[in-house]
Structure formats: C-alpha cells, structure tokens
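S.K.: So the chains spell out like this:
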Amino acid sequence: MSDIKLPIYLDYSATTPIDPRVAAKMAECLTIEGNFGNPASRSHSFGWTAEAAVDRARQQVADLINADPREIVWTSGATESDNLAIKGAAHFYRKKGNHIITMKTEHKAVLDTCRQLEREGFDVTYLDPRENGLLDLETLKAATTDQTILISIMHANNEIGVIQDIEAIGEFAREKRIIFHVDAAQSTGKVDIDLEKLKVDLMSFCAHKSYGPKGVGALYVRRKPRVRLEAQMHGGGHERGMRSGTLATHQIVGMGEAFQIAREEMATENERIRMLRDRLYNGLNTMEEVYVNGDLDHRIAGNLNISFNFVEGESLIMALRDLAVSSGSACTSASLEPSYVLRALGRNDELAHSSIRFTIGRFTSAEEIDYTVELVRAAVKKLRDLSPLWDMYKDGIDLNSVEWVAH
Amino acid sequence: MAYSEKVLDHYENPRNVGVLEDDRSVGTGMVGAPACGDVMKLQIKVNGDGIIEDAKFKTYGCGSAIASSSLVTEWVKGKSLDEAAEIKNTQIAEELALPPVKIHCSVLAEDAIAAAIDNYRNKNQ
Chain F
1 MSDIKLPIYL
11 DYSATTPIDP
21 RVAAKMAECL
31 TIEGNFGNPA
41 SRSHSFGWTA
51 EAAVDRARQQ
61 VADLINADPR
71 EIVWTSGATE
81 SDNLAIKGAA
91 HFYRKKGNHI
101 ITMKTEHKAV
111 LDTCRQLERE
121 GFDVTYLDPR
131 ENGLLDLETL
141 KAATTDQTIL
151 ISIMHANNEI
161 GVIQDIEAIG
171 EFAREKRIIF
181 HVDAAQSTGK
191 VDIDLEKLKV
201 DLMSFCAHKS
211 YGPKGVGALY
221 VRRKPRVRLE
231 AQMHGGGHER
241 GMRSGTLATH
251 QIVGMGEAFQ
261 IAREEMATEN
271 ERIRMLRDRL
281 YNGLNTMEEV
291 YVNGDLDHRI
301 AGNLNISFNF
311 VEGESLIMAL
321 RDLAVSSGSA
331 CTSASLEPSY
341 VLRALGRNDE
351 LAHSSIRFTI
361 GRFTSAEEID
371 YTVELVRAAV
381 KKLRDLSPLW
391 DMYKDGIDLN
401 SVEWVAH
Chain D
1001 MAYSEKVLDH
1011 YENPRNVGVL
1021 EDDRSVGTGM
1031 VGAPACGDVM
1041 KLQIKVNGDG
1051 IIEDAKFKTY
1061 GCGSAIASSS
1071 LVTEWVKGKS
1081 LDEAAEIKNT
1091 QIAEELALPP
1101 VKIHCSVLAE
1111 DAIAAAIDNY
1121 RNKNQ
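Note that the protein sequences, when read in sequence, are chains F and D.
Counting along the first sequence from 1, when you hit position 343 you're at 343 in the working numbering, and nothing is skipped either side.
Counting along the second sequence from 1, when you hit position 119 you're at 1119 in the working numbering, and nothing is skipped either side.
By construction, these hints were calculated from the structure, which means they are not laboratory data.
Check before you lean on any hint, since a few could be wrong.
Label pairs and their computed distance ranges (CB to CB) [as the list claims (entries may be wrong)]: (1) D:S1004 with F:A27: 39 to 45 Å; (2) D:N1047 with F:R321: 37 to 43 Å; (3) F:K381 with D:D1022: 22 to 28 Å; (4) F:A366 with D:E1083: 54 to 60 Å.
Since we're looking at a predicted model, the values are computed, not measured.
Heads up, the beta-carbon is just placed ideally off N, CA and C, and yes, glycines get one too.
Input sequences plus hints: build the corresponding full structure.
M.R.: Given below as structure tokens:
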C-alpha cells in the first residue's frame, strides 16, 4: 500500500494527464530554439517548419480515424467542434429544412447549441434513450420528418460510457440524405473509428481526453459526399475558411502525437483497462443494492458508473477524499439538480443522487483499484449505518409507499 | 466543496448516531425526501421533568446534512421542549459555517427538531 500515491485519480473522462511523450513534442514548439513560427507565415522557414508540424499532426489525427487529412479542421476543443458542426450545418442547410434531432443524454455542448438554434427558429427533437442508455433506431426513424436536416448523436457517453451504434444511425441518415454529426470526444483511443466505413459526415474530437493537451480539438468534415458549413469564427480564412484563427502549433502537435499513440496502443491499453474496470466492478457488486448505470457491454472499457442505493453521493465523495471521482448527485453540482443523463435513463432520483463515476485510464494500477475497492466498501458501510433509508429497507419498508415531505 | 472544520469533524465523528426504542417517552421526527437527496430522522427521549435526556439521529444526505443533524442532537440534550423548539436554522448554519447552497440542510435540522417535539407531544396529550 505504501507505494500508492494519494489521492488516486479515477476521473479520466473529465480529463487525462498529458502523456510525457506528448509533452516532450509540445515543448519543442515553444521557444526561440524551437518550432515557434506561425504556420500561416509563407515567407520564411519558421512558418514552413511550423506548417510542416501542423501537417504531420493533421495526418496523425486522420490516421486514427481513417480519414483524409484535408477533412480535419482544427478547433479549440470538442465544444467548439460541436458548435461549428451543428450551427454551421444548420445555418448552411436551413433552406432544405429546419428540423434537428439529438438525444437527451448528449453533452451540454450539443444540447445548449441546439437550444440556441431553437431560439433562432429551428425545431429540435430530443430523443429519450432506452433504460440502458442506448438509442433505439426505431425511435430515431419515427422522429424523422422531411424537414430533418441534421442528426447529432454522440459516440461514447461522458457519464455512463455507453457506445451508440453510429454505424446503423449513419446508414439510416445517409439513406435519408440527412447530415449526421457525432461527438466523439470520449471515444478516440477507446473505440475503433473508421470513417471510410462509417456514414458520418461531421465528427468532433478533443485532445485532452486522450492524453493530449487541453484547448485543442478538431472537427472532421467529410469531403465525399461533400458537407458544407457556415463558419462561426471569421478572420484570416484559416482551415479553408471554416475556422479562422492562428493555429496553435504546440497544441496541435500535442494532439497529433496523442492520437498517434492512441492508434498504436489502443488495443493493448483497452484490454488492460477493461481488466481493471472488471476488477473494480467485481469488488463492488458483491455489496447489496448496487446498480450499474448504462449498458455494461456496449461501453468503453474504462467507465464504471454505479449507484449505491440508500447512500447520498456527495457524502460518499467526502468519505472517498483519497479518490478523485465524480458524482451524479445534485449536491456536487451548482444547480442542485441530479444528473440529467441518469434521469434520462429513467433512473429514480435516489439512484441518481447515489451515483459515482469511476473512469480508469493509462496510468491506473491494479494496486490502486484494490485500494479503491477497500475504501469504497468501508465508506458505503459507514454511510449506510448512518442512513435511515437503509434501516427502512432492512425492515422491509417500501420507500415508494412512504409519504415524504418534499422540500 | 470546501467545508468548515466543524462540518468535517461532525461528518468524520458523528455524535449520537442510532435509534431509540420507541415508547411514550420518545418523540421521532423524520423530514426530507429521498428524491431531494436528504432525509433526517431525529429522536428525543424526554424524562419526567420534561427535559430531553437523550437524542439520536440517522441521516441520509450530504456532509452538511449529516453535520447539522449531529450538531442538533448535542444541542437539544438537557433542554426543555420549549427551549429545544427555539433552536433556529440560522444558529446551526452559523455554528457550522455552512455555505449558502447548504442552508437548506440547517432548515431541515430545525424542521426535524419540530417534528420530533410534535410527535412526542401528540403521544403524550
């Protein structure tokens, strides 16, 4: 136990540390001795060298997803990519129709962008997932109209880690000639992405969920069949006019390197991470009244989102101060609302309040997982000993039959 | 969230956790709702002189809710029912230095005292 460094980081879906190999490449692009030039400078070697580094990174990103480098547009992150994809496509194709379809469990970067488009006069349908978090293709088909111009469905969910069937959704969207956008912020390096096969038109990426730096991302914009976007950021006409702004060479180089490592190592890495996740799950699910949120099979390897019934999430996080995890509990959010993702699954509020998201990554060790299991089991026991709901459950009282005084 | 040392102390070492055997001398108050994320159960044992001689609690909720209920079990002991009823949520919030978003936890603790007293009085009319 002595060699475990506390707190243990189990929040890899929030962000990842930069891989040291990536940081080394980035550091080469900063100072006077390094590759600091503006990639848009055409008149000297500083610019040419920087441009070459950006081109290399573009190829590295394209290689991970089997795309053409000319289909990659650099952005500041997945939020900007989502905004550019959704607003850009909606604005460009608004003469064709004004209906957009997305899902209630999408990231806020998609949901709030759609809300903005509603204010501009677009109609948006927010689909419910099934209880396991997955989208039923029939629900999507039923929601589609002749006015539908855009479908936006995420690849892997940030909270519960479930992987949507973007292959099937893409086939349907292509058949109906509807633009299909996928937020893939959480899936690079975790799920195979082959854009030669997938009928995806726009795909959002970021670097910092895959051991690259924060503040950089990319949008894939399909060339064949060609997808057009209205720019959201205007200026020097960078990125073929789709996203102006001086390219941040060090960030872009970092993203490229991170994605290359992801491509080379994802098979072995995912196997190792899945083993750790299962070790964690097996260590916790022998307790009573423990529920996994979201489908366990169609799920990225590193995610375990689990609810401990009759224990409140924030107090559990307090007891787990040696762990860096996140909770769907209301008390950990500024709004005092429990996770909208868990609510969309139809989970009752109690289970949403008592949920913890563990996300495992490249630097997690088996010793850390074993220690985590011990800590969590002890904390849940302590809090259940404190919980009047646990006593009632043990006495066989149905909590749904109690008339609670809501406040 | 950064909690005060007093909240952390009550959370780490909650006072008077438990259940009192139900009889005429015991008043039980349960307030809150699971869907809201907190439920407090407070019990008081009242002696022949009308003084609260023991108090126990169990709470489902965040750290502030647990600390608020632990604190009031300490405060009500040795008080008469009327004195206990005068404990205000503002005193609880001040003692524990609760942040604004956690004030509702102290309100819930005040409600729990009132509910326990009501229950005792109803039993002993």
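S.K.: Between K381 of chain F and D1022 of chain D, does the beta-carbon spacing fit 22 to 28 Å?
M.R.: holds, 25 Å
S.K.: Do N1047 of chain D and R321 of chain F keep their Cβ atoms within the hinted range of 37 to 43 Å?
M.R.: holds, 40 Å
S.K.: Is the hinted range of 39 to 45 Å satisfied by the C-beta distance from S1004 of chain D to A27 of chain F?
M.R.: holds, 42 Å
S.K.: Go ahead and decide if the range 54 to 60 Å is satisfied by the Cβ distance of A366 of chain F to E1083 of chain D.
M.R.: Because 56 Å falls inside the window, the suggested range holds.
Every hint from the earlier list agrees with this structure, and none is contradicted.
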